[in-house]
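A.B. asks: Working from the sequences, and respecting the hints, build out all of it.
Residue numbers (the working numbering), protein chains in the order written: chain A, 1 to 211; chain B, 1 to 211; chain C, 1 to 224; chain D, 1 to 224.
Do not take every clue at face value.
As the list claims (entries may be wrong) - Dumping the calculated BS3-like pairs for lysine-lysine here, alpha-carbon to alpha-carbon at most 30 angstroms:
no.	chain 1	residue 1	chain 2	residue 2
1	C	Lys-72	C	Lys-185
2	D	Lys-185	B	Lys-139
3	D	Lys-72	A	Lys-72
4	A	Lys-139	C	Lys-185
The set of hints was computed from the structure by calculation and includes no laboratory data. As the structure is a computational prediction, the values presented were derived from the model and not from experiment.
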Amino acid sequence: MNGIDRDTLAKVVAADIEPGSFVNLGIGLPTRVANFLTPDSGVMLHTENGMLGMGPEAAGDQVDPDLVNAGKIPVTELPGASYFHQADSFAMMRGGHLDVCVLGAYQVAANGDLANWHTGRADDIPAVGGAMDLALGAKQTFVMMNLLSRDGSPKLVAECTYPLTGVACVSRVYTDLAVFLIEPGRVVVRELFGITFDELQKLVDVPLEQS
Amino acid sequence: MNGIDRDTLAKVVAADIEPGSFVNLGIGLPTRVANFLTPDSGVMLHTENGMLGMGPEAAGDQVDPDLVNAGKIPVTELPGASYFHQADSFAMMRGGHLDVCVLGAYQVAANGDLANWHTGRADDIPAVGGAMDLALGAKQTFVMMNLLSRDGSPKLVAECTYPLTGVACVSRVYTDLAVFLIEPGRVVVRELFGITFDELQKLVDVPLEQS
Amino acid sequence: MVCIMPSTAEAVAGVPDGAVVLIGGFGSAGQPVELIEALLDGGARELTVVSNNAGNGDSGLAALIRDGRVRKMVCSFPRQSDSWHFDAKYRAGSIELELVPQGNLAERIRAAGAGIGAFFTPTGFGTPLAEGKETRMIDGRGHVLEYPIHGDVALVAAYQADQLGNLVYRKTARNFGPIMAAAAKTTVVQVDSVVPVGAIDPENVITPCLYVDRVVAVPRTVAA
Amino acid sequence: MVCIMPSTAEAVAGVPDGAVVLIGGFGSAGQPVELIEALLDGGARELTVVSNNAGNGDSGLAALIRDGRVRKMVCSFPRQSDSWHFDAKYRAGSIELELVPQGNLAERIRAAGAGIGAFFTPTGFGTPLAEGKETRMIDGRGHVLEYPIHGDVALVAAYQADQLGNLVYRKTARNFGPIMAAAAKTTVVQVDSVVPVGAIDPENVITPCLYVDRVVAVPRTVAA
Chain A
1 MNGIDRDTLA KVVAADIEPG SFVNLGIGLP TRVANFLTPD SGVMLHTENG
51 MLGMGPEAAG DQVDPDLVNA GKIPVTELPG ASYFHQADSF AMMRGGHLDV
101 CVLGAYQVAA NGDLANWHTG RADDIPAVGG AMDLALGAKQ TFVMMNLLSR
151 DGSPKLVAEC TYPLTGVACV SRVYTDLAVF LIEPGRVVVR ELFGITFDEL
201 QKLVDVPLEQ S
Chain B
1 MNGIDRDTLA KVVAADIEPG SFVNLGIGLP TRVANFLTPD SGVMLHTENG
51 MLGMGPEAAG DQVDPDLVNA GKIPVTELPG ASYFHQADSF AMMRGGHLDV
101 CVLGAYQVAA NGDLANWHTG RADDIPAVGG AMDLALGAKQ TFVMMNLLSR
151 DGSPKLVAEC TYPLTGVACV SRVYTDLAVF LIEPGRVVVR ELFGITFDEL
201 QKLVDVPLEQ S
Chain C
1 MVCIMPSTAE AVAGVPDGAV VLIGGFGSAG QPVELIEALL DGGARELTVV
51 SNNAGNGDSG LAALIRDGRV RKMVCSFPRQ SDSWHFDAKY RAGSIELELV
101 PQGNLAERIR AAGAGIGAFF TPTGFGTPLA EGKETRMIDG RGHVLEYPIH
151 GDVALVAAYQ ADQLGNLVYR KTARNFGPIM AAAAKTTVVQ VDSVVPVGAI
201 DPENVITPCL YVDRVVAVPR TVAA
Chain D
1 MVCIMPSTAE AVAGVPDGAV VLIGGFGSAG QPVELIEALL DGGARELTVV
51 SNNAGNGDSG LAALIRDGRV RKMVCSFPRQ SDSWHFDAKY RAGSIELELV
101 PQGNLAERIR AAGAGIGAFF TPTGFGTPLA EGKETRMIDG RGHVLEYPIH
151 GDVALVAAYQ ADQLGNLVYR KTARNFGPIM AAAAKTTVVQ VDSVVPVGAI
201 DPENVITPCL YVDRVVAVPR TVAA
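C.D. replies: Here it is in structure tokens:
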């Protein structure tokens, strides 16, 4: 049970994004997917703070306080980019115009429920940002996460115990150990990384099917 | 009972528009008000098809098929103008950002109900355009009309018999014979044009008050 | 990802009978006349057309109506001095009309593009155009519940597209283009010219390219 | 009609205690720091602040929160690595938080400016952020009813204003500016520079001047 590292996982996700797609990559782990999207794929990145055609992180002289991504990191602009205000940016997300969004998660349920914004702990300050809009709005919502949390409990679950981000919105779950397809009434394992199907099934309390 | 002519009436309306106001003038008679707004008044005209800062009608070489007013007449652009799409243009109207709109009318009721879009006759093809949005959206809705219709019946009425454009939305009625202020529970005559108050009261079936 | 099409015929290919077609323009300004004429040549029938007006003169939308291709018009202002083809069909009872206040028309199209399920608006409250609709008092004011208008296809005229499909418009010809482009499954745009990527300043893009599926250049003979 | 103000103090004068203040910006980008600091100097208390975040570091919105001027924050993403002033007030129970998904925040502000009474959105359905709210199934999908967010005052940072108050923004600093400018009774804008009327192409105006009440030039020391 070795699994794959973060960059290898990011490469797996990137390979599943159709050329010419419009894509939003969530803060954190999903951001790495950008490193494996080749320029000739024609994939355009959307950032929810108001830009389509986002380029790589800014370095040195490129840093411009007026040009940041959803994580408030300075980024760059690619040819063919456009800027828009928040209502237009979220209309783009909520109106179903993005082909794919890739989000991190605390938990994903077998029916595609997503929990990724709040642990629900009393001392935790909740923050949601655009997660709920993205999870529901994109044509496909991919989750990218380690299958197991730090305490060893699986994050693919029968039912989320954390507060929900969205109901039945996740279509695929990319983890270090396997890629899961969330289909109506079933969870299909598409790919295994250094683990057998039976070993995987023992880790999660969700009935899995082989593809 | 002579009353005033259309241009004199337009001048009366124009004089009541505060300097610096944002104004929409309806198709037909209200359009004439523009001729009596001096440039130094800073009044900016909005046209519902997507422009603020509309100039006078275009002549000769100025005619541009891409630049028309709500009546589809070629117009010009003044310095400081801006263009926007239909949803933004109507957001401007519906969100209460125009100070004044001036509309024509078939009938206005004593409570400010407006009828100006449809005679209700079976053979009449209805058309509403932006009338309903304007009537409700502007901070003040002025009506400009002849007090009497061609058959001599008054157009200021106790209750509209034509289909309504909006409920209780008109605040002033400018006519060839008098200016009426529609106030809560009463109609006040502010100005008379070549007619006495008693003569005016005999013409309309709405109790009038003197200012 | 946008396709730059070699002809208007190819740009509008595949519009099925019964489609809901959003057509931009306010009168003639911004009306995609050549795309409409290609649609006419394409033969699609029983269309529902959503457009502010119901055609002017004998070309564009007026021709589509004249030839009996339009089952239903959704518009705010059908009656014009030169809307004779619509007028005749309407009086003959051979075309259905859904009359929508212009602001509700715009907002309903915008709602479709923005993923709004429905909205309450004061416009139309207490009038015949709200008959049969759900109403509600909000903050003491009457409101009507209105639903989005989604299109199968949008036909839009813009000024320039870059090779990716980013659009800019000219003056009041912008009108319904941006909201219709966002509200349809397939958006087809005719432009005066196609320019290289980078020729449009990202600050000035009006319709970002993800709303645009097909672009065709139709240079205008009229000076612009 | 816009007033060009000589100072930020005069630009924000008259904000009463208890006002609802819409503050633009996404993190630091587009945050009207100098206007917020003038508001702080002005002494208004018990404010409800609507802004995407709840302050960064020790300046701008963070300082307003630190000094106990904010009774309630309406925002989507308060928690950040440098939101320590908000965090402390929140943990001490001395600031109220209404957490709103970012798209609902944007759409509710837009609705206020556009005269929409309420709207149904799928965002938040089935989550704790929809608790207590009206819900409805539309086309088989759960929706939540959301109401507009109106401001007494909006504080916005833009790039340039012309002498009439037409605005353009720079890059992602545009964010909440255009919708907040339309949603407040009084809109106050700080700009890098004020330019003559005619210097901004009418095609490229992002916020038309009728949304702007007061403008003050605050040249940036950071290169832009």
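A.B. asks: Identify every previously stated hint that the structure contradicts and give their numbers, smallest first.
C.D. replies: Hints that this structure does not satisfy do not exist here, as all of them hold.
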